[in-house]
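Chains A and B supply the protein sequences, listed in that same order. Numbering-wise, my numbering puts 487 at position 449 of the first sequence, and it's gapless, one number per residue. Numbering-wise, my numbering puts 128 at position 96 of the second sequence, and it's gapless, one number per residue.
Worth flagging that the hints you see were computed from the coordinates, not collected in a lab. Careful, some of the hints might be misleading.
Some chain A residues judged to face chain B by a derived CB distance under 7 Å, without partners named [what the hints assert, rightly or not]:
no. : residue
1   : His240
2   : Glu241
3   : Asn277
4   : Gly304
5   : Pro306
6   : Pro312
7   : Asn315
8   : Asn323
9   : Thr327
Each residue gets a CB set at the ideal place from its N, CA and C atoms; glycine is no exception.
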Amino acid sequence: MENLKDFYKKERAEEWRAEIRKNIKTKERTLLERIKMPAQDPDVRNHNRIEVNLGLDEKLAMEEAQRCIDCPNPTCISGCPVGIFIPKFIKKIEIGDFLGAAKVIKETNSLPAVCGRVCPQEKQCEANCFYTIQLQKPPVAIGFLERFAADYERDSGQMAIPEAGEKNGIKVAAIGSGPASLAWATDMARFGYDVTVFEALHELGGVLKYGIPGFRLPNEIVDIEINNLKEMGVKFVTNFVVGRTATIDELRERGFEAFFVASGAGLPRFMNIPGENYTGIFSSNEYLTRINLMGATLDGYDTPVTLGDNVAVIGGGNTAMDSVRTAKRLGAKRAMIIYRRTREEMPARVEEVEHAIEEGIEFMNLNNPVKYIGDNNGRVKKMLLQKMELGEPDASGRRRPIPIEGSEYEVDVDVVIVAVGVSPNPLIPSSVKGLKTTKWGTIKVNDDFQSSIEDIFAGGDIVRGGATVILAMGDGRNAAVGMDKYIKNKIKK
Amino acid sequence: MNKIVDKIFFSENVVKLVIESPDIARNRKPGHFVIVKTGKKGERIPLTIAGADPEKGTINLVIQIVGVTSHKIASLEVGDEITDISGPLGKATEIEKVGTVLAAAGGVGTAPLLPIIEAMKKAGNRVITVLAARNKDLIILEDEVRKHSDEVIIMTDDGSYGKQGLVTHGMEEVIKNEKIDLSIAIGPAIMMKFASLLTKKYDIKTVVSLNTIMVDGTGMCGACRITVGGKTKFVCVDGPEFDAHKVDFDEMLMRLSGFKEQEAAAYKKYIAELS
Numbered sequence: 039m040e041n042l043k044d045f046y047k048k049e050r051a052e053e054w055r056a057e058i059r060k061n062i063k064t065k066e067r068t069l070l071e072r073i074k075m076p077a078q079d080p081d082v083r084n085h086n087r088i089e090v091n092l093g094l095d096e097k098l099a100m101e102e103a104q105r106c107i108d109c110p111n112p113t114c115i116s117g118c119p120v121g122i123f124i125p126k127f128i129k130k131i132e133i134g135d136f137l138g139a140a141k142v143i144k145e146t147n148s149l150p151a152v153c154g155r156v157c158p159q160e161k162q163c164e165a166n167c168f169y170t171i172q173l174q175k176p177p178v179a180i181g182f183l184e185r186f187a188a189d190y191e192r193d194s195g196q197m198a199i200p201e202a203g204e205k206n207g208i209k210v211a212a213i214g215s216g217p218a219s220l221a222w223a224t225d226m227a228r229f230g231y232d233v234t235v236f237e238a239l240h241e242l243g244g245v246l247k248y249g250i251p252g253f254r255l256p257n258e259i260v261d262i263e264i265n266n267l268k269e270m271g272v273k274f275v276t277n278f279v280v281g282r283t284a285t286i287d288e289l290r291e292r293g294f295e296a297f298f299v300a301s302g303a304g305l306p307r308f309m310n311i312p313g314e315n316y317t318g319i320f321s322s323n324e325y326l327t328r329i330n331l332m333g334a335t336l337d338g339y340d341t342p343v344t345l346g347d348n349v350a351v352i353g354g355g356n357t358a359m360d361s362v363r364t365a366k367r368l369g370a371k372r373a374m375i376i377y378r379r380t381r382e383e384m385p386a387r388v389e390e391v392e393h394a395i396e397e398g399i400e401f402m403n404l405n406n407p408v409k410y411i412g413d414n415n416g417r418v419k420k421m422l423l424q425k426m427e428l429g430e431p432d433a434s435g436r437r438r439p440i441p442i443e444g445s446e447y448e449v450d451v452d453v454v455i456v457a458v459g460v461s462p463n464p465l466i467p468s469s470v471k472g473l474k475t476t477k478w479g480t481i482k483v484n485d486d487f488q489s490s491i492e493d494i495f496a497g498g499d500i501v502r503g504g505a506t507v508i509l510a511m512g513d514g515r516n517a518a519v520g521m522d523k524y525i526k527n528k529i530k531k
Numbered sequence: 033m034n035k036i037v038d039k040i041f042f043s044e045n046v047v048k049l050v051i052e053s054p055d056i057a058r059n060r061k062p063g064h065f066v067i068v069k070t071g072k073k074g075e076r077i078p079l080t081i082a083g084a085d086p087e088k089g090t091i092n093l094v095i096q097i098v099g100v101t102s103h104k105i106a107s108l109e110v111g112d113e114i115t116d117i118s119g120p121l122g123k124a125t126e127i128e129k130v131g132t133v134l135a136a137a138g139g140v141g142t143a144p145l146l147p148i149i150e151a152m153k154k155a156g157n158r159v160i161t162v163l164a165a166r167n168k169d170l171i172i173l174e175d176e177v178r179k180h181s182d183e184v185i186i187m188t189d190d191g192s193y194g195k196q197g198l199v200t201h202g203m204e205e206v207i208k209n210e211k212i213d214l215s216i217a218i219g220p221a222i223m224m225k226f227a228s229l230l231t232k233k234y235d236i237k238t239v240v241s242l243n244t245i246m247v248d249g250t251g252m253c254g255a256c257r258i259t260v261g262g263k264t265k266f267v268c269v270d271g272p273e274f275d276a277h278k279v280d281f282d283e284m285l286m287r288l289s290g291f292k293e294q295e296a297a298a299y300k301k302y303i304a305e306l307s
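Hey, can you work out the whole structure from these sequences and the hints?
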């Protein structure tokens, strides 16, 4: 840790940065207002699938970069799971060296255009910004700036491909092609390994493709970042279900020395209430996969999805917000969030909730479905909601919702989307003998992200149970370091 | 990848494809299925594997044309490639020596049943198979079935081949004549429902292989969920085979019709565009 602090100090002392700090007085910097992200008008965007946030232009980005005072102790970095050199890239933006800024970010983050869009910065870097901690002012818009640098670089046509290390010929494999694997693969390629990523679906990107909708993260952006990895020499194999298409043992025979399992949080949870299997009731995974991955409702695509005037989404997380905003875009007159606690307890990102409100999403907080009612064809037509009130805090620290007896009432629905969480996918744990899991079914790992089987490492949601893109990426990076150490030790012996 | 090396029409609407897919051919077991998608804009559908040749690295799929996707797959020719095949998925059939096995297939259900009876026969069981279809043209794979069965009974709705009657009539005749230790029924959901009701009456343990709607096929989406013994199960990872007497077939039939109107409209449009 000390080494890192010294490193930041040394970097900060470089002449170019000292020069920039002198340009504007710190006091003046702190008086500047945080810029606003330009966005599509809510009443326009809730009818299209184009990205909501339009991105900063050069002027806005340079303006915002001036707010960063380039602290001697950059606390923001400690809030970043992948340790981006935040002040350094922001200062590059301040002087208009946008390509330089992108390069700095990519030293530690292989998916900046993705993270700049979907990271919960308000809980990470921006929560640890000097402005937040010391001045009680809005933090520097680190996420917006990250996205700006990444987008600028991509649009410039001069995208820097991270350099692969000198080839050591050692074969390693990742299982799953989501954010944890992509981060892991970048670092392993940098270390010189021969890297293969196996994906069960027909498309690469995992949750970035099937889960997060295009209006938050366009698929093209994910593809471009994956293409960079291909340029680095990383191999990708789709339609390959490790444990089924080939077992880990067979892959060992094919020469793979170590594995990184990042197969994600697979199984959707349901509430097990009467009528939940009526048609028209989907898990958020199914609903979003049909639309985002399979192209349902787009011209020429064969996969169907159910549309309707009244769409209810059960849950208060990011996936619930993605589902309800998708439903609105597909023409729902009434797109509702049904959540059993108040808005304050909702786990969704603040920005997503705000965007949803602007787009006309109805928030029915302190409500919980207890039963669905179907028509003669088994299609859902009504839900029975029960009103809730908040009691004492529970284990999660949030106030426990308590049902109010006799408060049940009916609401018309055509489509219901259940977004109450996921359980880890048992495919890998069940196909590898001796792999230790927790009682929740997640894979047990040590500090090096190594499992109970020495050549199998794991990270992301299959270890965490359900977290964020950036935490998964952090795991991927740490697992790469752990795996490199393991392989080098093994060679020495 | 996934090159079609042979194509045989069993009838106008039922086709068998032999596809190069070495990994799946080596690792598949009776009861497994694959997810197939054709074209960039295609849909993912589950198909139970109807046999494989691990040495040649091929798998067999039998497709009945019922809508856009099955029509597209059945229209592919030898030499064409299927865009995406993923698998083998699901749990394999539990193969053991139980005594006498009564296997029953309705229509194209014969295709997924074939590898199971082959394995059951190899395991030392006496295998009696009932093949049922609307008419003679829809009775498929009869020779292969005979090869792995001690006895074969053919039933057609119209009496154009074998005996006239439903699959359950053929099954009941067997049940009345000898002691059955296990029954396996594969076919349309409605056929499996009635086969299950019959064997329940005689208290014969019965396994069915369910063909629900799926998207990913790996447990991620829950489209295939059904109720078994009062609990929600995912056909893709908990199945596709279940204890027939615990399956809520009425709910399954209802869920199978979830996109019926859209599918019918899409098929009509597709056919109109073809001609």
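Results of checking the hints against the structure:
no., hint, verdict
1, His240, "4 Å, holds"
2, Glu241, "9 Å, violated"
3, Asn277, "4 Å, holds"
4, Gly304, "5 Å, holds"
5, Pro306, "5 Å, holds"
6, Pro312, "11 Å, violated"
7, Asn315, "6 Å, holds"
8, Asn323, "5 Å, holds"
9, Thr327, "5 Å, holds"
Going down the numbered hints, you'll see the structure goes against 2, 6, while the others check out.
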